[in-house]
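Enquirer: Going down the list, the protein sequences come from chains A and B. The first sequence begins at 1 in my numbering and counts up by one. The second sequence begins at 1 in my numbering and counts up by one.
Think of the hints as simulated: they come from the structure by calculation, not from any bench. Check the hints yourself; a few may be wrong.
Facing chain A, according to a computed beta carbon distance under 10 Å, are these residues of chain B, among others [as the list claims (entries may be wrong)]: (1) 28; (2) 34; (3) 54; (4) 66; (5) 104.
Don't be surprised by glycine CBs; every beta carbon is placed ideally from N, CA and C.
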Amino acid sequence: MRDPSWRRYLRFWGPDVRSDVDDELAFHVELRVDQLVAQGMDPAAARAEAWRRIGDADVLARTCREIDGERLTIERRREWVQGTWTELRVAARQLRRYPVLASVAVLTLALGLGATTAIFSVLYAVMLRPLPYAGADRMVRITETMRGAETSVGPGQFAEWLTRTRAFESVGAYQPTTFNLTEGTPERVRAAFATSGLFRARYVKPALGRYFLPEEDQVGREHVVVLSHGLFEQRFSGDARIVGRPISMNGETYTVVGVAPSEFSIATPGDQLWVPLALTAQHKSTFSDHWLTVFAKRKPGVSQAQAQRDMERVSREIAQLHPDDMVDRSARVYDFHDDLVADHERSLTTLFGAVGFVLLLACLNVTNLLLARATVRRKETAIRAALGATRGNIVRHFLMESIVLAASGAVLAFFVSRLTLRALLGLAPAEIPGLDHAGQGPPTAVFLAATSLAVAVFLGLLPALRGLRSVEAVLRMGGRTGGATTTRDRLRNVLVVSEVALALALVAGAGLFVRSARKLNDVDVGFSPSGLITARVSLASARYSTPAIIQRTYPEIVDRLRRLPHVVSASANSTPPLAGGTVGVDVRVEGRTYAPGNEPDARFHVVTAGYFETVRARLDAGRLFTDSDNGHAPLVAMINETLARRLWPNESAIGKRISCCAEGPAPWREVIGVVGDMRQFLRREPVPELYVPIEQTPANTWTWHGNSLAFVVRTDGDLADATREIRAAIAETDVTLPVYDALTYDELLKIASASNRFSTVLFSVLAGLALVLAAVGLYGVLAFSVAQRSFEMGVRVALGARPIDVLALVTRQGMLLVAAGLALGLAVAMAASRVMSSLLYQVAPTDPVTYLAAGVLLVVVGAVACYVPARRASRADPTTALRA
Amino acid sequence: MADRVELPQGTLETLILKTLTWGTMHGFGIGRWIEQASGDSLTIEEGSLYPALHRMEKRGWIEAEWRQTENNRRGKYYALTAEGRRQLKTQAESWLTIVRSVGRVLDTSKQPS
């Protein structure tokens, strides 16, 4: 019944519930026996009676043991909480005793955590934030494809899709445009034609009124408009009575039927109003013109792959009806959200990766500091262990310290991330969608908290393990600190090597962007941008109802601009270079036929005489347009060198006849000149371009540009003054004409390189941070090692080592670490930089020059970091060192 | 010995607390003291006494200590904690309130109107 008596000695290691309860009951029985014997009972009978009174002793003992077990659990938990709290206070107090170390560590972590959090909030806003309407994950964009390449959608195809598709609950078409809002002061607004289905697919309750009705998608009913919340506030001062009232746009009357809520957008943010897209019967039977953007919403339960198969089936059906228009054509379904952020995904994830490297570097650095301290405190740790601290206690002790550091770092990081975010938003290219939602929302806070916790564990783990190991070592050594213990330093060396490697990767990344930026800067755009200004005007109102009026009005304005002071020359182009936007046309060549799908195409420009002189393009052959290339003269065209090479690789283009873009039978026009290539987009290689003089352009081409043209003016005066005077001169012609997209070419170049500049600046800042951190880490390890080895250095000097020998010894130790770091970093950078290749411009991600430069930079920084501790070591005084 | 009385739920704990106000005591002594103080009208079963003691120890109302007795035996002795003292005060008060109220009702000779 009773346990062996040795069990009670288990209490030495803590309470023993089992024997406690048994002992207590046995004691009770003894006392009862005494009582009964005193009352005159026989001892044997008394014992039996005592046990009988207890009843089932096993059950009673078990009940008591269970209760005791619960009590012990509660006590242990309480003890742990109290112990942890004490440890936390001790850790904070100890860190206060080393203010320099603590502030360096906290600051390092704050920078790392803050930067990471800021980038995360941008990443979240752009890529992860759910769209604000139900079923957003089922939204898709559908394009036509031409031999696998994406093209816009023809109105005929779209009309067929509406009736033939089965995978979608709604399909809608979208076409960005602009309107002259002529209500009050004229203003050009960004707008879009949109079918009613688009509003049903992304339903968010309208702020006021309603969206379009299905019947408003037809000609005759389409003069209604939904205002964006922004335009409603700015332009109509948020007056709800605007709903139901008519407003004047492009000189015509539209009725306001609703106001969208503030976050509403269909494709990309920025549309200021929407008008129904009404397709005419003629549109619906046109399968050869492709200009629509189509969005749809998959039915619930229909996968992306099923939707894709559905579209392929529909395309085959249409091809049977219209074989000529569907050669090599099919359709493709893209996920809407992925598609929206695709352009920025790469650059943001790369950036996030880079900032993650910096955070890792910061952690390694702080770990290094803590390890150094753990080494110094080996004795203390050993004493704790000797006094009965468990391994858990010791690990907890070290973890508390890193938790205090990480928590302080996180608090500071909150402010760092706010500042960083503000700087980021100022620098970021404007076209990134959703960027305005980047901020300190709950997801960001959760991210910061989780990351800080992970950092705390990361920081505490190595010193804690080291602390555990040192317990045995110190006890064996008797607490004497001798020369360098190699195992001890090896871990810190590994950390420094990793730091150098990470720094090299970041510096190399920054280097690649810098090289990219220089390449972009050196791009020959094909014209002379300085002193050039562009400003766009659209002759959209009823006053300019015929092409003849339009073709007369633009040259008149150009003449007026020419007479302005400081204007060297003035001209106009429907789509000037670097200003965004192009129109593509098929080009036919007299006497030639091309295989279907192999027809040459070109980007189409309407220009005024004097355009090429104004931008200072290079004339390769033939002549430029003159004022006499007017409506009565023979039709002419100019082409760029790329188109000339495409059409006539081995002969002169001058005098050849081509045609383009007219509805119906096309009249031939003679090629009179070839100009050098000009970049329509800074980062894209030149493509074929075709120029037509304004008075000879086919009437239908005006609708392609919404009757608009951009003036291109060269000035030798102040650009801001000139822009103001251009606006004034245009207003003199017609006060209702809004002037928009007025920009200097310096600004356009800046916009074109904005995303590259964004990456370059950020990477450079991160690389700079990484360099400093790696240098501090290297310095820390060497300085500590020199301090630890002062005895050894003293012996060396006493034995005749010259200062230069000691200097060399320490420097060699440091530079070996740098060299190992460079080798590792090279491998890391080569592997990691591959993801950047699409972000770079004409620089290979393995560009040897960049890596060489980054390596040299790190060697120089490493040498500086080595020099200070090395010099200190070389000045070691043998007498002090040996006596210490 | 007088008639046996069943103790209402939780009353034993109040009595244990009261007993321990006289000083530290082992389980056997506590049981004996309550029986004697009740004029032997209460019988304290070991089967309820010891679980009650352990439960109260878990709640922190009493604390236990192993001591050597004069007969050189090892016994587990219980003592009141500050929390136990507070418990006794509230439990005694509510017990007395119940007793008084129930008694008043039972003693009433007035018919309900």
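Enquirer: Hint residue 34/B vs chain A: min CB-CB distance below 10 Å?
Expert: violated (15 Å)
Enquirer: Let's test the interface hint: is any C-beta of chain A closer than 10 Å to that of residue 54/B?
Expert: Holds, about 4 Å.
Enquirer: Double-check residue 28/B for me: the hint is only fine if its C-beta lies closer than 10 Å to a C-beta in chain A.
Expert: holds (4 Å)
Enquirer: Using Cβ atoms only, decide whether residue 66/B comes closer than 10 Å to chain A, and label the hint accordingly.
Expert: Holds: closest Cβ of chain A sits about 8 Å from residue 66/B, inside 10 Å.
Enquirer: Can we keep the residue 104/B interface hint, with Cβ of chain A closer than 10 Å?
Expert: With a minimum Cβ separation of about 37 Å from chain A (threshold 10 Å), the hint on residue 104/B is violated.
Hint compliance for this structure: hints 2 and 5 are not met, and every other hint is.
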